[in-house]
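Got chain A sorted already, so can you dock chain B onto it with the hints?
Protein chains in written order, with our numbering: chain A, 1 to 251; chain B, 1 to 303.
None of these hints come from the bench; they were simulated from the model. For every residue, glycine included, the Cβ atom is placed at its ideal position computed from N, Cα and C. Hints should not be assumed to be uniformly reliable.
[Unchecked claim] What follows is a list of derived Cβ distance ranges for each label pair:
hint	chain 1	residue 1	chain 2	residue 2	range
1	B	17	A	193	43 to 49 Å
2	A	35	B	59	58 to 64 Å
3	A	167	B	124	44 to 50 Å
[Stated by the list, open to error] DSSO-like, lysine-lysine: derived pairs with alpha carbons at most 30 Å apart:
hint	chain 1	residue 1	chain 2	residue 2
4	B	212	A	248
5	A	161	A	248
6	B	212	B	18
7	A	17	A	248
8	A	82	A	248
9	A	161	B	212
10	A	161	A	82
11	A	17	A	161
12	A	248	B	18
13	B	141	A	17
14	A	82	A	17
15	B	18	A	17
16	A	248	B	141
17	B	18	A	82
18	B	141	A	161
[Said to hold, decoys possible] Rough simulated footprint, nothing fancy, chain B against chain A, three-plus residues with beta-carbon under 8 Å:
hint	region
19	3-9
20	94-106
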Amino acid sequence: MTSFLTLFYKEVLRFWKVGFQTVVAPIITAMLYLMIFSHVLEDHVRVYDRLSYGAFLVPGLVMMSLLQNAFANSSSSVIQSKVVGSIVFILLAPISYLSFFAAYVLAAVLRGLVVGLGVLLVTLWFAPLEFQHPLWILVFATLGGALLGTLGILAGLWADKFDQLAAFQNFLIMPLTFLSGVFYSIHSLPAVWQGVSRYNPVFYLIDGFRHGFFGVSDVSPWLSLAVAVACFIVLAAFVLALLRRGYKLRA
Amino acid sequence: MSSVPAIRIRQVAKRYGKTQALAGVDLDIAPGEFFGLLGPNGAGKTTLISALAGLVRPDGGSIEVLGHDVQSDYRAARRLLGVVPQELVFDPFFSVRETLRFQSGYFGIRGNDDWIDEILANLDLTAKADAGMRSLSGGMKRRVLVAQALVHRPPVIVLDEPTAGVDVELRQTLWRFIQRLNGEGHTVVLTTHYLEEAEALCGRIAMLKAGKVVALDTTANLLQRFAAHTLRFHLAAGELPADLAAQASREGRLWVLPVAACEQLETLLARLRQAGCRLEELQVGQPELEEVFMRLMHQEQSP
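Extracted from the complex, chain B is given alone in its bound form:
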């Protein structure tokens, strides 16, 4: 990690009435990372991002973007940060290009049309450049939100649920572009409900629960620590031995058995055969982030 983190969060707390939205969050994100911020609804992801963006003032703690405090040095911090808000908001009075020109101007940039054209092309928006914001479909408006966050070429890009309610095509276009920017050195922070997206994209993941970070590790380590390969099958005949039944879970009409390592698979299959089980629709499953997520979220609050 370089000496100045892209994002440095220290003991950030925020309370709304009786709800403790953030209960002392610490987090360091290094420059160039593709970082995932996951958690169920109400875990505090959006509050944390809003605090980072200066939209919410924390009750305590501090947040820095590349060494600039988001409160006391807000102008420098905001220049370094591009945030895609979760809500699908837009200014109905203007066209796509006007919207992007204004956003450039707010960041003190004039004559930004070359970069605006490049963003538009990369997000498949070129044909809509002169269309009014009001006339765009939801997916198109979402792209404009992403474009707005990028007009000032921010070294740190934060995307709050950028693919919520968005079709497959746009997701792929979007991720290709964001991955390219990440490859060019931009730090990317992402929240999403699509765990397979986070698993595929993020090098490191923090899981948030009730305003606290409950897990923070590389995606690979999280998968290794908390998830296992699985054996899924439909039991056509026979019954599972009691010890296996205790470990198994149901997924529709399928049984799901955890397999700690691939080598155990043979022993397990042999045992099932001996027990008189006839298996159909046999599948071996990779460890999935969803399982990690479910486990961590359903764990009792650790002391």
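Isolated chain A, as found in the complex:
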């Protein structure tokens, strides 16, 4: 247990020490998104009848920031320690692959939650929010962080160089998060794209998360929960198998 807690604490301290870059910067980015998009679109887009666009946008931005930062945390930590070689200190220690996995994922969840909470706090006064189902909010926030934190480990293990990680981020994470209903309800899309969106797991995370705030969503939160849990289980099993084999860690 001590080795797991130490690794978790180390992972938290790692992002906290450079908090301006890992926490403050993404909060400012999200605030800019909100100011620009809500200013431009406020009077043109009506998503659900009773919601202003700004209110609709806030939970999406919170979730998007949470997901991107959870991914960034575990992926950058793994690849950085691989590239500079300091991962050897963890590999030499009697840490089980399960502890390794749990420490990196939990630290990613924590960073995601801290950033998400920060975005929520600074955007609160831009738009009237409701908190109808706080438990749903918490469940989807945690699940989303865990899912992307796990994906971050996978990306960090797979990438040998920073530009490969950037490719993973630009060609997978960004489209998945941007095309998931952060900025719009998928019901406003043409039928084809509505269909495509349903294959994007991030759509369910954001839709379920938004349900927690307003009690309205494109699909049932139970369906979103099932999809998110299933995705996490499959991905976690895959990453655990890689860690167990020592994929790209132990030659």
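Leaving out everything else, chain B in the frame of chain A:
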């Protein structure tokens, strides 16, 4: 030797693509030994140490640390092992003390500050305890690597080229500390390119060549078997008799003649005088590990 070896290596093989890095290594190292693992670059020393540390998975064979298999019983094996890696790696986010506290935690140890302070003092790092890793010089970072390997008081300590690119002062500090730990019963395994270091420190030596152990004996026996005393001189006048010239080698402007035993020295000098040789800068050399090393490495692969 006690019944459970500190390290037991059996038929360990590892291939990287076309390169056979380890070709069936067998080795037993007893508890309390100061053991040297020598060989040229690419002989497989680091691969062997990595396999021992669990960083590399061998294609075949087994390795045990104090009876614990490094694959199937890896947590117990790693607790017993402290490895100083060859590469100068560090985590740039943390200070020296944080680094050592984390390393203790990874090994399941809390509240390790007394021992950490002792390690820091012994490696002359106390003044740098709160400095960021990034700000340290190369030699200082190397000391931290050694400290990290020792946080959990491992009974078996493995040092992979710990003195590469390190100044004389640190080498002495380091060896004093490691010798003290060895005196207290820790087993020490060392790879180094500085053969005089291995000669001075190691009780027993294995020489590795192309992934195989080509020599394994006490340092004294190796020296006796493969090296000789030498007579070195500058030939100011005259010529060496043909039979002596055939045995001699050149070392810069000096001639080097092997002398099997000290008693032969007189006869040899008398012969040279009779042959009309005038010798200058005369030196008698001790047998050196370097010679053993050169001989073994340049020998044709034995069948």
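**Item:** Hint check against the structure, violated hint numbers in rising order
**Value:** Checked against the structure, the hints that fail are numbers 9 and 15, while the rest are satisfied.
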